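Visitor: Taken in sequence, the protein lines are chains A and B.
Residues 455 to 615 in the numbering used here are what the first sequence lists, from first letter to last.
Residues 4 to 812 in the numbering used here are what the second sequence lists, from first letter to last.
Don't read these hints as lab results, they were simulated from the structure.
One should not assume that every hint holds.
Coverage of chain B stretches by chain A, computed from C-beta distances (three or more under 8 Å per stretch; other residues unrestricted) [claimed, not checked]:
no., region
1, 28-40
2, 206-216
3, 287-300
4, 516-522
Note that this is a predicted model, so its numbers are computed, not measured.
Backbone N, C-alpha and C fix where the C-beta goes; we use that ideal spot for every residue, glycine too.
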Amino acid sequence: MAKITVAVDGTTYQDEVEPRMLLVQYLREKVGKTGTLIGCDTSNCGACTVLLDGASVKSCSVLAVQADGHEVTTIEGLAGINGELHPVQQAFHDKHALQCGYCTPGMIMRSVCLLNENPHPTEAEIREGLNGNLCRCTGYQNIVAAVQQAADALATAGGAR
Amino acid sequence: MTTTEAPPAEIGRARTRKEDQHLITGHSTFTDSIVLPGMVHLAMVRSPLAHATITSIDTTAARKAPGVVGVWTGRDFPEQGGLACAWPITPDMKSPVHLPVPTDTVNHVGEIVAVIAARTKAEAVDAVELVDVQYSELPVVTDLAAARDGSAPVIHGDLGTNVSATWVFDSGEAGTGGNASAAIEAARSDPDQIVVERTFRQQRLIPAYMEPRSTVCDPNGVGDQITIWSATQIPHILRTMLTLSQGIPEGKLRIIAPDVGGGFGGKLEVTPEEVATIMVARQLGKPAKYTETRSETMMAAHHGRDQIQHLTLSARKDGTITGFDVDLTANMGAYLALVGPGVPILGAFMYNAIYKIPAYRFSCTNVFTNEVMTDAYRGAGRPEATFAIERMMDELATELGMDPIEVRRRNWIRHEEFPFTTVAGLTYDSGNYEEATDKALWHFGYDDLRAEQQRRRESGDRIQLGIGTSTFTEMCGLAPSRVLGSLSYGAGGWEAASIRMLPTGVVEVVTGISPHGQGHVTGFSQIVADRLGVPFENVKILHGDTNISAKGLDTYGSRSLAVGGIAVVKAADKVIAKAKTIAAHLLEASEDDIDFAHGTFTVRGTESSVTIGDIALATFTGHNLPDGVESSLDSEAVFDPENFSFPHGTHLCAAEVDTETGKVTIRKYVAVDDVGVVINPLLVDGQVHGGLAQGIAQALYEEAQYSVDGQLTSGTFVDYLVPSAVDLPDYITDKTITPSTSNPLGVKGVGEAGTIASTPAVVNAVLDAVRQFGVADIPMPMTPARVWQAIQDGSTTAGSNSSSMGGAA
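Using the sequences and the hints, build the whole thing.
Guide: The structure is reproduced here in structure tokens:
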């Protein structure tokens with residue numbers, strides 16, 4: 455067992471974990487962050503995407519011990535303290551960019567990172583940027599539109615949060 | 004009280020979804036997130052072989068592993084019953100026993116041979132490695148044709164054959180048309196007719212919902228019930244079938260479908276994993292959870308499609324069809340799934356599509372192979388039918404040198420001819436194929452694209468352009484119970500709803516459908532808001548728990564709105580009727596003089612009025628009601644449709660083919676769909692988009708592949724190409740609105756339309772681009788390798804193919 459200290463959505467946790475435990479298992483099973491979901495076992499689908507020190511990672515491809523000393527943001531930590539939705543969350547709702555909602559946490563976290571890296575993406579850049587996240591319901595058109603709306607909202611607000 | 008201005012109608016409004024808030028903030032309730040005190044976690048030992056006798060299972064080491072609380076083989080579940088098939092398509096249909104955990108023989112890779120329960124999932128998975136199973140291999144069958152013609156070894160010895168059943172429809176015998184065999188024979192010797200004969204392969208697909216299946220069973224549920232949470236589309240059917248197949252009294256079972264992460268037909272099943280989880284939980288007396296990995300989903304959950312289609316179409320040289328014969332071989336897999344045998348039969352009524360075909364014959368032979376069973380996948384039988392006829396229309400156009408749109412025009416039912424009884428015996432209530440096609444052509448810029456296509460051909464451009472058409476219809480709103488009865492289906496097709504008028508102004512609507520992404524909560528709220536004249540926000544839709552929604556037949560077959568939504572309307576109308584009696588009493592008027600509009604009962608010709616909310620409160624207090632009137636407005640209704648509804652549309656695809664790499668890029672895709680009255684355009688567009696993605700994926704990307712020894716070689720998302728955002732185009736969608744005349748809302752269905760229409764549009768487009776090289780067909784999915792190879796092969800044999808139009812470019 456390894457002792458790790460990880461900040462998740464603003465709270466610091468100290469835990470003993472098996473060295474083989476994946477970050478996504480740690481988040482779901484130890485920290486109770488069940489908003490982060492598992493969709494595959496080959497790192498293809500991106501449902502488990504979270505931010506690790508601000509950059510998107512597939513949390514099934516990171517060991518919990520690798521997060522030792524780092525900050526993790528999950529879908530549950532994205533909205534403001536008073537429940538105010540992040541512009542990407544708001545845009546997913548406004549543009550009907552989710553149906554079953556299973557890919558949504560990962561899709562939103564990846565979109566947040568995408569817009570941090572490239573605040574004014576073209577449609578092609580959005581599609582390329584979401585290439586690692588699969589959605590079976592929407593056909594992606596409304597997801598692309600949501601990221602475009604969020605980009606505009608973030609630009610109006612004076613840059614990415 | 005004065006009558007206020009009418010609020011804007013909710014029906015037709017692009018309401019954003021009530022469902023979204025918890026899903027975008029991570030407060031979802033998917034089954035795998037459920038944790039109960041004392042819960043054990045399960046892992047499955049699965050067969051690595053496609054066909055084998057189990058000679059021994061040694062579980063000693065696994066039982067001693069840390070955290071393991073139990074290991075079960077099939078023999079340790081004496082209580083297990085065979086999983087039932089609910090659709091015996093013929094009286095003599097052959098159906099093997101399908102035990103959830105087989106005791107003697109495995110018939111496909113991934114069958115469960117032992118179940119492990121442990122304190123943690125990791126401990127359970129570790130112990131899987133410690134179970135020693137010895138097998139004696141048996142011959143493996145994966146070839147459909149060999150399974151059908153008897154040349155393959157028999158898989159289920161007791162059945163004596165690999166053919167499960169053959170189902171036939173003949174319009175001559177049914178009295179709905181002529182004799183197709185005779186019509187085609189006559190055409191063969193008629194110089195004014197041609198006969199087009201083709202064989203297409205509907206490849207095997209994997210539903211690939213994003214949420215892997217998961218089941219939690221608490222054997223000590225509240226009220227002496229066994230509470231089961233499952234990632235299912237069919238909580239009600241699951242309950243009934245668990246009783247019928249496992250002998251658990253129905254009243255003892257409470258099934259909850261919490262948030263369910265997509266289904267597409269793939270969660271329309273009663274699964275071995277569900278039964279195994281329940282059996283372990285009951286034996287231990289502790290809650291148990293099983294969540295599969297994606298690899299297990301791919302390997303062991305049911306697949307879709309997988310047919311060989313042999314098609315013969317006769318037509319006069321002006322393009323008028325004279326006969327159509329369909330002969331299918333459908334792969335059931337190793338067992339018969341819940342509705343698996345009936346899936347290809349659902350297509351039987353759709354091969355004639357929107358066309359006036361005078362003589363039609365359909366025959367389907369269902370066969371067993373050593374592959375995982377097939378069952379519903381988005382469209383279920385109807386995409387296969389639409390693909391077949393829409394490909395044949397393009398083949399006919401090619402053979403005759405006609406424009407593919409023109410061939411369709413010459414055969415389709417004209418809008419003034421509805422209602423129209425087809426050669427398959429269905430009566431299409433409404434439609435306007437001309438309008439949808441004209442609109443699609445306008446969006447598409449058909450003539451300009453044809454001109455560009457010609458320029459590219461003439462210049463020998465590396466990128467060749469093709470145009471594909473699909474003018475489709477489908478039958479949805481499954482289903483009139485009498486029709487299902489005539490097809491020997493094991494249940495009806497009605498749907499139930501109830502409405503509870505709460506004293507605080509909230510309207511609780513309980514529906515028997517079971518949403519898993521469609522947006523029914525929002526759409527049904529709009530319907531009820533309009534019908535009862537209450538605020539959209541005040542409507543609360545409840546579903547997916549058999550203790551709350553006691554009666555229902557769940558969600559599949561584009562039935563939720565066209566059947567379930569109508570049940571809600573019927574229940575609302577009963578609420579209004581009850582309220583009207585009380586309104587008359589409160590307003591001291593005759594019931595005959597009371598009008599109801601926008602939530603308010605008014606005495607005609609006066610300003611005297613009372614709202615439906617006031618009446619709900621009056622029934623709560625019960626202080627002042629007419630004599631003999633029950634103190635409740637609550638109502639329930641069951642709706643059984645008289646007919647299916649028939650959405651239709653015209654889809655046009657422009658595909659670019661890189662002749663040097665074989666890569667296909669969709670340049671433009673136009674979908675004009677007629678789904679009748681639209682409750683919420685946002686939801687309709689979403690359904691169309693998602694449907695298109697899955698239909699395009701069948702054309703270009705997806706295929707479940709088995710090796711000859713029955714190993715699934717496309718068993719992960721690495722090998723099975725679910726398209727991502729870069730693989731799909733931006734869609735242009737539009738609508739025509741021809742209300743259905745079969746239900747009071749005029750609605751049709753939309754869940755499957757995009758999938759049904761798009762596959763042939765894309766394939767027709769790709770072939771249109773490369774026929775010039777002598778290419779007659781390319782099997783799906785049309786991967787770059789296959790397209791490139793077809794161009795190479797076609798070019799080297801140019802001129803030898805009767806279907807080609809012109810020589811090599």
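Visitor: Run every hint past the structure and note whether it holds.
Guide: Here's how the hints hold up against the structure:
1. 28-40: Holds: 7 residues of the region 28-40 of chain B have a Cβ under 8 Å from chain A.
2. 206-216: holds (count 5)
3. 287-300: That given contact holds, which follows from 3 residues of the region 287-300 of chain B lying within Cβ reach (below 8 Å) of chain A.
4. 516-522: holds (count 4)
When held up to the earlier numbered hints, the structure conflicts with none and fits them all.
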